[in-house]
Amino acid sequence: MTRIAGGQIDRSRTWAFTFDGLPYTGHPGDTLASALLANGVRLMGRSFKYHRPRGVIAAGSEEPNALVELRTGARREPNTRATVAELYDGLQAASQNRWPSLRFDAMAINDRLSPFFAAGFYYKTFMWPASFWEKVYEPIIRRAAGLGSLSGQDDPDSYDKGFLHCDLLVIGAGPAGLAAALTAGRAGARVILADEDFRMGGRLNAETHGVGGIAGADWAAQAVAELASLPSVRLMARTTVMGAMDHGIYAAVERVSDHLAEPAPHTPRQILWRIYSARAILATGAIERPIAFENNDRPGIMLAGALRAYANRWGVAAGDHVVVFTNNDDGLRTATDLSAKGLEVSVIDARNGDEVTGSAGSLGLKSITVRRANGRSEVLRVNALGVSGGWNPNLNIASNHRGRPVWNDAIAAFVPAPDSVSGLTCAGAVAGVMSTHAALATGAARAVAALAELGRSVTPMDVPEAEDAPVKITPKWYVQSGKGRAWIDPQNDVTVKDIRLAHQENFVSVEHLKRYTTLGMATDQGKTGNVLGLAIMAELTGKTIPETGTTMYRPPATPVALGALAGRSRGPEFKPVRHTPSHVWAAEQGAVFVEVGYWLRTQYLPRAGETTWRQSVDREVLQTRRSVGICDVTTLGKIDIQGTDAGAFLDRVYANTFSTLAIGRVRYGLMLREDGIVMDDGTTARMGADDYVMTTTTANAVPVFRHLEYCRQVLWPDLDVQLISTTEAWAQYSVAGPNARKLLQKLVDQDISDAAFPYMACGAITVCGGLRARLFRISFSGELAYEIAVPTRYGDAMIRALVEAGQEFDAVVYGTEALGVMRVEKGHVAGNELNGQSTALNMGLGKMVSVKKDAIGRVLSQREGLTAAGGLRLVGVRPVDPARSLTAGAHFLAMGAPATAAHDDGWLTSVVFSPHLGHSIALGYLKNGTARMGERLRAVNLLASTEVEVEIVSPHFIDPEGERLRG
Amino acid sequence: MADHRLKPLSPLGHANPLTETVGPVTIAEITDTALASLATRIGHEDDVARLAAAAAIPLPGPGGHAQGAIWAAFWLGPQHWMIEAPFATHEDIAAVLRTSFAAAASVTEQTDAWARFDVTAPDLPAMFERLTAFDLRGAASGAATRTVIDHLGCYLIVRNPQTLTVLGPRSSAKSLHHALVTAARSAF
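From first to last, the protein sequence lines stand for chains A and L.
Residue numbers are given in my numbering: position 710 of the first sequence equals residue 717, and the series is strictly consecutive.
Residue numbers are given in my numbering: position 174 of the second sequence equals residue 176, and the series is strictly consecutive.
No incorrect hints appear here.
DSBU-like mimics (lysine-lysine), calculated; alpha carbons at most 35 angstroms apart, straight line:
(1) A:LYS934 x A:LYS854
(2) A:LYS753 x L:LYS176
(3) A:LYS749 x L:LYS9
(4) A:LYS934 x A:LYS860
(5) L:LYS9 x L:LYS176
(6) A:LYS582 x L:LYS9
(7) L:LYS176 x A:LYS168
(8) A:LYS373 x A:LYS490
(9) A:LYS550 x A:LYS131
(10) A:LYS479 x A:LYS504
(11) A:LYS479 x A:LYS373
(12) A:LYS753 x L:LYS9
(13) A:LYS504 x A:LYS131
(14) A:LYS490 x A:LYS479
(15) L:LYS176 x A:LYS582
(16) A:LYS142 x A:LYS504
(17) A:LYS490 x A:LYS550
(18) A:LYS479 x A:LYS550
Quick caveat, the hints were computed from the structure, so don't treat them as lab data.
Make a model of the complete structure from these sequences and hints.
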């Protein structure tokens, strides 16, 4: 055991956990990493490429090495950093990317073959033969190199998304963040303080120096307790702010249940928060960086700050013979702290000319080689080495809006450029001020400034007495030594040699360097290694580090589970469902439903004995045409258009004229886009002098409404027009067929005889003894037909009333399939013809585009290219051999013409089996189609390998004179 | 109510509106309120204000809901309101409003366009921060807004600190109800 006294763990309770199946114990307050170290476990993983043995390097979210698979079964999560995995009783973790075991990994042969795996080896090695790439090389590489593996099962947990608002978002709860939150919170500002750790306090929890006369960790705990008591402050521990979005919005992931074996019932595992902040303060501190030297990746070699964090916060000594290798005074703190805990510690200070040149120990550090300033080398037996090359401000979020960091010579690191993100300021170490006192002071000052911008005058908190040592550092990036490898990016196995190779092969731009060597492209995004890589490239190119520059910092700052991004939108909850008013009734009847956008519509209603959908659909069509059929058409968009200029408005948005429509009448309308292409079609009814009801297609209900609002608000704000959607307000049923009137007359309280309610009439009526309703005599099927609308709450009762009233006529309820068959039989265009590239002329509706008035799309619909003789025209199609089936999408070709695009004459848009005619029929667009009636062509579908001889006929297969619907 | 033989169904598909309790949260389907939109015709702004006052119909400003003795209203857009009245006495609410406002305003029945859920809980923001971008913690009683909940365009009305009305598209009542119940279970 390597537990030592002290720390912020609860030793009164002991928790059991396993790693690679072996049992261990830890305490509340431990991370998996601290608990493993406390149990003497240094070897925690294998590296990505060379399968080198690796242990923990850091004590925070920047950890590149100690990646494990956490949990088992469906909850197994790969690539979890042991440093941020909070220990819980029963935790199960396993190492990854090794076979057959962590201690003996057969794939470590890669390390021996490392000369073949240098930077860019993918591009150089696997060039030939090309066909081997996908089948041979890639599978082998993927198996050999990699991280953890997915469970392959559905994630059993749920994830929420949410929205928070505040005056001030403080990111990071170290001394700077706590001071900012206290200053703003005491003044009553709405503050959110978010920190990725489960214990707030940041480095105060990992250091021994005091604040305000008490231990830093105790001061932090007091500050957190006070903040918790302030009603306007929201404390969000276990919450990682992962990126700065636009307009003061920040994305954050709260790990609600990750510290539990599994979430409580109905509780999400994580929540993705969208935080709307008026101002934000970034107080994310700094991340220590190493100094590269040969074989600097052995388990036991850690960042110096991490070494003392484990000792001070978790009461863990990572070794009892410790050396600290540093180029700055902060590294000396580790030596001081560990000595105070009774460990044997010595210091190699690079500023004195001493260097660590190598290490030994196959599965963990056993010794290091030191080259003294006088040139003499010696081997020291150690089991822990703390390395400090200085601290890099943790500035990812400050650079999310492309703000390039600026170099600060005083601390030898990049700091955020001022105003990199609008509304965001930086405080504490992330701003390059590295002492505790300066962190507290800048935190308070930034909060005062932020709130002043919001018009609030706030007094900064009194900054307590605290450590205020200056940064003393002499940059040292790597140690020049033999031919061995010195690691820069340990997770992706990028070495100093790889940087040199990239330079040698002229990949010197930082963006090329990154992609060629994969520096910083691992799950840790190079938090500890990037600046080393840049510094070495700068040295090789003879440029300064700021001249060399940095790559882009993009969200997320740390890895995010895809489940958190998906939230509740998965499986059946992926999108909402819209139910029609007849849904309950239809479900009782065993209807088959089809998704139409969000709507669930009745596709057809099978009856006993019917074994195929065609039998049901044929019956529904024939029964409707023979007697009467009922169909729920509520899904069609309905828009109320009122105002004294409603008629003029319609004249401008429709290609044909509506202002002349008589009150109580309906007209079919065609709406064009500005470019002259048909946008939508439908009927519009004039219910009163200034009162119209427009019907749109189901698919275009929203786009048309949006278009009309744009026209009203932007194009013609001077017109007196008011719009509102009424799609959902009315349950609307089509009643079609020779007996439609007889059926409806049983329910409608008024006279609807042909004389009283002729074809294309509309009006307010009452049904069933007084319920207000609307009736439209319009037909999509070509039959005598009406659409009747009642308030939606009565939609269920209405379908039942219609069915009951229709019994004596053998009425049928039909679905969308029969609807489609009948509209093709009648030659009405629908979605397949309204395809966004067809004109009124193409559809045979050219005369509807009025030339007596202006309307959207009129001018451009007359473009030469759209009006040329011989263009596509809507035609009907039937197979010459009635036994043959047609397929939609087949192209027209002249008899004997080769099946090439050059000979293409058009295509079949909609195909149905017409039970009325007893064979396939189709609509299609055919070049010069109107003049080619009776012509025989081939319908060729190269995808389906079909070719059918067809005859071009009128698109009106049923009742071309329209006698039925006027009956 | 008109004398006819058709029986209504609630948006959730039941003969009677559903009330569900999830921990401290009560989610009640409300069907006893008639709705109509009222939009001022150009040049009739003063007329509408005068006629509304005469009819005791409150017309709140942007982001607001106002409750009168019988009538209530919330703001939809410039010179555009949704008017509420008891369904039992105002089922044909549009006809009543047309009588009051004549040619000064356009009136459209909206009663059944919406599913209404009244949500009651001691800490509503804790639940609704998982549903909507609306800043409920910063909102006072009488606030009303348009927002999106689980892809659905909805209106929220803050009746009082413990009661919130959610109006969502009626056809998606079940999806909206599911979202509310899920958030309630998740938050409490």
